[in-house]
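Participant: In case you want the letters, here they are:
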Amino acid sequence: GDSVTQTEGPVTVSESESLIINCTYSATSIAYPNLFWYVRYPGEGLQLLLKVITAGQKGSSRGFEATYNKETTSFHLQKASVQESDSAVYYCALGRGSALGRLHFGAGTQLIVIP
Amino acid sequence: EAAVTQSPRNKVTVTGGNVTLSCRQTNSHNYMYWYRQDTGHGLRLIHYSYGAGNLQIGDVPDGYKATRTTQEDFFLLLELASPSQTSLYFCASSGDWGGEQYFGPGTRLTVL
Numbered sequence: 001g002d003s004v005t006q007t008e009g010p011v012t013v014s015e016s017e018s019l020i021i022n023c024t025y026s027a028t029s030i031a032y033p034n035l036f037w038y039v040r041y042p043g044e045g046l047q048l049l050l051k052v053i054t055a056g057q058k059g060s061s062r063g064f065e066a067t068y069n070k071e072t073t074s075f076h077l078q079k080a081s082v083q084e085s086d087s088a089v090y091y092c093a094l095g096r097g098s099a100l101g102r103l104h105f106g107a108g109t110q111l112i113v114i115p
Numbered sequence: 116e117a118a119v120t121q122s123p124r125n126k127v128t129v130t131g132g133n134v135t136l137s138c139r140q141t142n143s144h145n146y147m148y149w150y151r152q153d154t155g156h157g158l159r160l161i162h163y164s165y166g167a168g169n170l171q172i173g174d175v176p177d178g179y180k181a182t183r184t185t186q187e188d189f190f191l192l193l194e195l196a197s198p199s200q201t202s203l204y205f206c207a208s209s210g211d212w213g214g215e216q217y218f219g220p221g222t223r224l225t226v227l
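From first to last, the protein sequence lines are chains U and X.
Note that the working numbering has the first sequence beginning at 1, numbered continuously upward.
Note that the working numbering has the second sequence beginning at 116, numbered continuously upward.
Don't read these hints as lab results, they were simulated from the structure.
Note that beta-carbon positions come from the ideal geometry of N, C-alpha and C, so glycine has one too.
Check before you lean on any hint, since a few could be wrong.
Reference excerpt, derived from the structure (chain X facing chain U, CB under 7 Å, subset only) [what the hints assert, rightly or not]: (1) TYR179; (2) GLY210; (3) GLY213; (4) GLU215.
Calculated from the model, a selection of chain X residues having no Cβ within reach of chain U, i.e. all distances over 10 Å [claimed, not checked]: (5) VAL119; (6) SER122; (7) ASN133; (8) THR141; (9) GLN152; (10) HIS156; (11) ARG159; (12) LEU170; (13) ASP174; (14) GLY178; (15) GLU187; (16) SER209.
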């Protein structure tokens, strides 16, 4: 079945530095998946950060970007300059074909931003 | 804005105990989901539903029952809890199949 692998945390970055969290997914079907990044702030539920459903497209939100690369089956999350408020756990996820709503999540990457 | 609430937020029970986790959404969404999250694993889908009275099996359903009594309310039942079910449980809802899922804050369950 589908699987998602992402950077193992915790990832520690100083404020104003750049960030990349890697995400790769399995290519078990010819159907291209929808790809998501969700974020979970302390004490809260997950919330959608960005979503891309078309290969080659880039999604962006709150200064974060991710590009859907079907050749490398990757969807890495990047930010040019992190802030302390970005400290959270980030989850890469995919849904595919008739199982579009049955999301498969990566293990999550905890980001710690040092002021 | 979408609102999904869960209760209780924390629960401790003993092996063999009976536990019900509750989830309510006020978004008029058709789809609701129950996930569990364990260290080193992503969220894993237990059960989901696309409307009142409907139940679909997810990826890790063993040991769990669920019931969708209304469009708003979705319950997860552990009838003979085991320590392996110690986990963080999330409920979510979505308006569309494949659309954005809105999550509750989670219930931390400990089975001793």
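Participant: Take the hints in turn and mark each one as holding or not.
Facilitator: Outcome of the hint check:
no.: 1; hint: TYR179; verdict: violated (16 Å)
no.: 2; hint: GLY210; verdict: violated (11 Å)
no.: 3; hint: GLY213; verdict: holds (3 Å)
no.: 4; hint: GLU215; verdict: holds (5 Å)
no.: 5; hint: VAL119; verdict: violated (7 Å)
no.: 6; hint: SER122; verdict: holds (13 Å)
no.: 7; hint: ASN133; verdict: holds (25 Å)
no.: 8; hint: THR141; verdict: holds (14 Å)
no.: 9; hint: GLN152; verdict: violated (8 Å)
no.: 10; hint: HIS156; verdict: violated (6 Å)
no.: 11; hint: ARG159; verdict: violated (8 Å)
no.: 12; hint: LEU170; verdict: holds (14 Å)
no.: 13; hint: ASP174; verdict: violated (7 Å)
no.: 14; hint: GLY178; verdict: holds (19 Å)
no.: 15; hint: GLU187; verdict: holds (17 Å)
no.: 16; hint: SER209; verdict: violated (7 Å)
Hint compliance for this structure: hints 1, 2, 5, 9, 10, 11, 13 and 16 are broken, all remaining hints hold.
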